[in-house]
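> One letter stands for each residue in the lines below.
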Amino acid sequence: GAVVSQHPSWVICKSGTSVKIECRSLDFQATTMFWYRQFPKQSLMLMATSNEGSKATYEQGVEKDKFLINHASLTLSTLTVTSAHPEDSSFYICSAQREYEQYFGPGTRLTVT
Amino acid sequence: GNSVTQMEGPVTLSEEAFLTINCTYTATGYPSLFWYVQYPGEGLQLLLKATKADDKGSNKGFEATYRKETTSFHLEKGSVQVSDSAVYFCALRRSTGGGNKLTFGTGTQLKVEL
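Residue numbers (the working numbering), protein chains in the order written: chain A, 1 to 113; chain B, 1001 to 1114.
The hints are simulated quantities; they were obtained by calculation from the structure and are not laboratory data. Idealized CB from N, CA, C, for every residue including glycine. Hints should not be assumed to be uniformly reliable.
[Claimed, not checked] When the alpha-carbon atoms are kept at most 25 Å apart in a straight line, the in silico BS3-like pairs for lysine-lysine are as follows:
#	chain 1	residue 1	chain 2	residue 2
1	A	Lys20	A	Lys64
2	A	Lys20	B	Lys1101
3	B	Lys1056	B	Lys1077
4	A	Lys55	B	Lys1068
5	A	Lys20	B	Lys1052
6	B	Lys1111	B	Lys1068
7	B	Lys1060	B	Lys1049
8	B	Lys1111	B	Lys1077
9	B	Lys1049	B	Lys1101
10	B	Lys1111	B	Lys1060
11	B	Lys1077	A	Lys41
12	B	Lys1052	B	Lys1111
13	A	Lys55	A	Lys66
14	B	Lys1077	B	Lys1052
15	B	Lys1068	B	Lys1101
16	B	Lys1101	A	Lys64
17	A	Lys66	B	Lys1060
18	B	Lys1052	A	Lys41
19	A	Lys20	A	Lys55
20	B	Lys1111	B	Lys1101
21	B	Lys1068	B	Lys1052
22	B	Lys1052	A	Lys55
23	B	Lys1060	B	Lys1077
24	B	Lys1049	B	Lys1068
[What the hints assert, rightly or not] In silico contact screen, one side only, chain A against chain B (beta carbon under 7 Å); selected entries:
#	residue
25	Pro40
26	Gln42
27	Ser43
28	Leu46
29	Tyr58
30	Gly61
31	Val62
32	Gln97
33	Phe104
I would like the entire structure built from these sequences, with the hints used as guidance.
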């Protein structure tokens, strides 16, 4: 149990376009989900905490107007990278919280050309 | 602030060798400590955890002891297998406040060869 999926697993988009990444908890409901960003050979950096039915809480330095998070149901959170630029290319990982533990998705590789 | 430092990889071992991956942390209070493992193409999975000083977490032959005096949580396994090849992340969670936020180390890639 406690399976989390992400879609897509990888995406390539052109500079200036927007891309949406989905995070789903498949066999449990998650009031809270987290979005991380990971650069090569670096640790996971928490971007924001997503709470169902309310606005996400962003970490310091993360542009909330650029990284739009929507947690509209207890099993789905989405991250939309708006007006993407090459510097947004990264590996994005989500996690869903159940009983105070985090369960992670497999990640989404975003490449902006 | 909180931080986690772990040894750089990749670490390459022969099957049945002894494994140690070092992890030290900086945090206020009494954080909980975790080791996560990420197999190729999969999400991070919780491997083991410890919530207070001198606790030992263990799972699948892996062990780590919460050492407050040295602020360390080193991962060990007595005899590694090829199937243990993965990236291992050390992480901490604050004891109070901050919700359920995790602070991760940079990850250590382990390669086990026959």
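> If a hint holds in the structure, say so; if it does not, say that too.
Verification of the hints:
no. : hint                  : in the structure
1   : Lys20/A x Lys64/A     : holds, 14 Å
2   : Lys20/A x Lys1101/B   : holds, 23 Å
3   : Lys1056/B x Lys1077/B : holds, 13 Å
4   : Lys55/A x Lys1068/B   : violated, 37 Å
5   : Lys20/A x Lys1052/B   : violated, 39 Å
6   : Lys1111/B x Lys1068/B : violated, 29 Å
7   : Lys1060/B x Lys1049/B : holds, 13 Å
8   : Lys1111/B x Lys1077/B : holds, 14 Å
9   : Lys1049/B x Lys1101/B : holds, 15 Å
10  : Lys1111/B x Lys1060/B : holds, 17 Å
11  : Lys1077/B x Lys41/A   : holds, 23 Å
12  : Lys1052/B x Lys1111/B : violated, 30 Å
13  : Lys55/A x Lys66/A     : holds, 14 Å
14  : Lys1077/B x Lys1052/B : holds, 21 Å
15  : Lys1068/B x Lys1101/B : holds, 20 Å
16  : Lys1101/B x Lys64/A   : holds, 18 Å
17  : Lys66/A x Lys1060/B   : violated, 41 Å
18  : Lys1052/B x Lys41/A   : violated, 29 Å
19  : Lys20/A x Lys55/A     : holds, 17 Å
20  : Lys1111/B x Lys1101/B : violated, 29 Å
21  : Lys1068/B x Lys1052/B : holds, 9 Å
22  : Lys1052/B x Lys55/A   : violated, 33 Å
23  : Lys1060/B x Lys1077/B : holds, 9 Å
24  : Lys1049/B x Lys1068/B : holds, 14 Å
25  : Pro40                 : violated, 10 Å
26  : Gln42                 : holds, 6 Å
27  : Ser43                 : holds, 4 Å
28  : Leu46                 : holds, 6 Å
29  : Tyr58                 : violated, 12 Å
30  : Gly61                 : violated, 13 Å
31  : Val62                 : violated, 13 Å
32  : Gln97                 : holds, 6 Å
33  : Phe104                : holds, 4 Å
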